[in-house]
Amino acid sequence: MVSVKCILGSVYALYFHIGETEKKCFIEEIPDETMVIGKYRTQLWDKQMGSFLQTSPGLGMHVEIKDPDTKIILSRQYGSDGRFTFTSHTPGEHQICLHSNSTKMALFAGGKLRVHLDIQVGEHTNNYPEIAAKDKLTELQLRARQLLDQVEQIQKEQNYQQYREERFRMTSESTNQHVLWWSIAQTLILIFTGIWQLKHLKSFFEAKKLV
Amino acid sequence: MMLSRNILVQVLWAYLLCGWTFGSELTFELPDNAKQCFYEDITIGTKCTLEFQVVTGGHYDVDCRLEDADGTVLYKEMKKQYDSFTFTAAKNGTYKFCFSNEFSTFTHKTVYFDFQVGEDPPLFPNENRVTALTQMESACVSIHEALKSVIDYQTHFRLREAQGRSRAEDLNTRVAFWSIGEALILLVVSISQVVLLRSFFSDRKTTTTRVGS
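Just so you know, the sequences run in chain order H and W.
Take 819 as the starting number for the first sequence in the working numbering and just add one per residue.
Take 3 as the starting number for the second sequence in the working numbering and just add one per residue.
Derived by calculation from the structure, the hints in this document are not laboratory data.
Cβ atoms here follow ideal geometry from the backbone N, Cα and C, with glycine treated the same way.
Hints are not guaranteed to be accurate.
As the list claims (entries may be wrong) - List of simulated lysine to any residue pairs, SDA-like, C-alpha gap at most 20 Å:
| no. | chain 1 | residue 1 | chain 2 | residue 2 |
| --- | --- | --- | --- | --- |
| 1 | H | K930 | H | T839 |
| 2 | W | K98 | H | I937 |
| 3 | H | K974 | W | L149 |
| 4 | H | K930 | H | I836 |
| 5 | W | K37 | H | G928 |
| 6 | H | K974 | W | R162 |
| 7 | H | K1020 | W | L198 |
| 8 | W | K150 | H | G928 |
| 9 | W | K37 | H | K974 |
| 10 | H | K841 | W | N35 |
| 11 | W | K37 | W | N94 |
| 12 | W | K98 | H | K1020 |
| 13 | H | K974 | W | L161 |
| 14 | H | K857 | W | D116 |
| 15 | H | K841 | H | G928 |
| 16 | H | K1017 | W | K78 |
| 17 | W | K78 | W | S102 |
| 18 | W | K150 | H | Y978 |
| 19 | W | K81 | W | D65 |
| 20 | H | K841 | W | K81 |
Claimed, not checked - Which residues of chain H face chain W? A partial, calculated answer using Cβ under 7 Å:
| no. | residue |
| --- | --- |
| 21 | Y833 |
| 22 | F904 |
| 23 | L958 |
| 24 | Q973 |
| 25 | F986 |
| 26 | F1010 |
| 27 | T1011 |
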């Protein structure tokens, strides 16, 4: 009874509209070894009824997930309701892209889709009542487990932060090097071309017997 | 009688449970001249917070607008880099918030937002709290809340760092290209100056009368 209400109601809380052939991407910047669970529900716009259908059989969504090196780590087709999971192996910006499996051409497809989306990252992916039941934990043990998971996530994020700060520092130092060497190079070019100009023109005028 | 009471209790539980919703936190790319709207069904009396930050792109600003179920504008800001808005839902219905990059002609932006609706679900949904929490349990709850705010600060820090890093990388590319470009321009201009001067004197060689000869 509870699950029925939840499914019809606000489980996948946030939603947005996309065109039928449109691709929508979301970015998740996460440390490594972090689990991400995404759940979505799609509804198709019914022109005759003027509203979104509750169920849309035959409608599917293609989910594509790219890692920070733009390598595809998941590329699968799901139904109109789907759930996808992945665990990051490299820290960085992962891209989650969704588009429907509509085969119509972009010009003719005037349909609209309502996509309910919920992406949970890291310790939010843990289902604590399930863990309590599986490991038979008391309330205090479960709370301790939740705190441990949170602290682990904080620790991973701090490690990732250290790695990113290093990259930032390398970029700044590279800019510094560029500015330094190119300034020196340009000054030298200026001096040498000035000297060359004068020498060349002097020999030219001497040859023309103007000097 | 008992059956209908059971059903009533179930329905009340269903409403109560589904009143607890997680927050939604997403980062998406907003192309130039584009607008992206998000909708959420909220029940009356729920405390909600909308927080957004522009991560990369242009002047790192975006227009944001939050409307309630009847279309009344609750929050509207133009060209904001970062903001946080808390409100309590006064009506039932679908609330809508939109991010607009329509003022920008060619920069696309990456926007992060965090829309918290209501409270986090309790750890034990089936408990009926008759007794108060023990000291250990309330200590755990306060540690949990503190850690949640640590994670929140970390997220903000990560976004600011991403913004700084994106600016630094832009600067690096610009400095590299501009330096090379300037060196080439320098060479080209100095060589063409000499060539031009030579051409002036070569043309007038036959017609110039020599001064002082």
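For each hint, the structure was consulted:
1. K930(H) with T839(H): The given pair, whose Cα atoms are some 9 Å apart, holds under the 20 Å limit.
2. K98(W) with I937(H): 19 Å, holds
3. K974(H) with L149(W): Distance ~14 Å between K974(H) and L149(W) Cα, so the pair holds.
4. K930(H) with I836(H): With a Cα-Cα distance of about 6 Å, the restraint between K930(H) and I836(H) holds, given a limit of 20 Å.
5. K37(W) with G928(H): 18 Å, holds
6. K974(H) with R162(W): Roughly 18 Å separates the two Cα atoms, so the pair holds.
7. K1020(H) with L198(W): 15 Å, holds
8. K150(W) with G928(H): Not satisfied, since the Cα-Cα distance of roughly 43 Å exceeds 20 Å.
9. K37(W) with K974(H): 34 Å, violated
10. K841(H) with N35(W): Cα-Cα ~17 Å, so holds.
11. K37(W) with N94(W): The hint is violated at about 25 Å.
12. K98(W) with K1020(H): With Cα atoms ~76 Å apart, K98(W) and K1020(H) exceed 20 Å; violated.
13. K974(H) with L161(W): Status holds; Cα separation ~16 Å.
14. K857(H) with D116(W): Given that 20 Å is the threshold and the Cα spacing comes to 17 Å, the pair holds.
15. K841(H) with G928(H): Cα-Cα ~14 Å, so holds.
16. K1017(H) with K78(W): 67 Å, violated
17. K78(W) with S102(W): Status holds; Cα separation ~11 Å.
18. K150(W) with Y978(H): 18 Å, holds
19. K81(W) with D65(W): The hint holds at about 5 Å.
20. K841(H) with K81(W): 26 Å, violated
21. Y833: 5 Å, holds
22. F904: 16 Å, violated
23. L958: 6 Å, holds
24. Q973: With Cβ-Cβ at 11 Å, over 7 Å, it is violated.
25. F986: 5 Å, holds
26. F1010: 9 Å, violated
27. T1011: With Cβ-Cβ at 4 Å, under 7 Å, it holds.
Hint compliance for this structure: hints 8, 9, 11, 12, 16, 20, 22, 24 and 26 are not met, and every other hint is.
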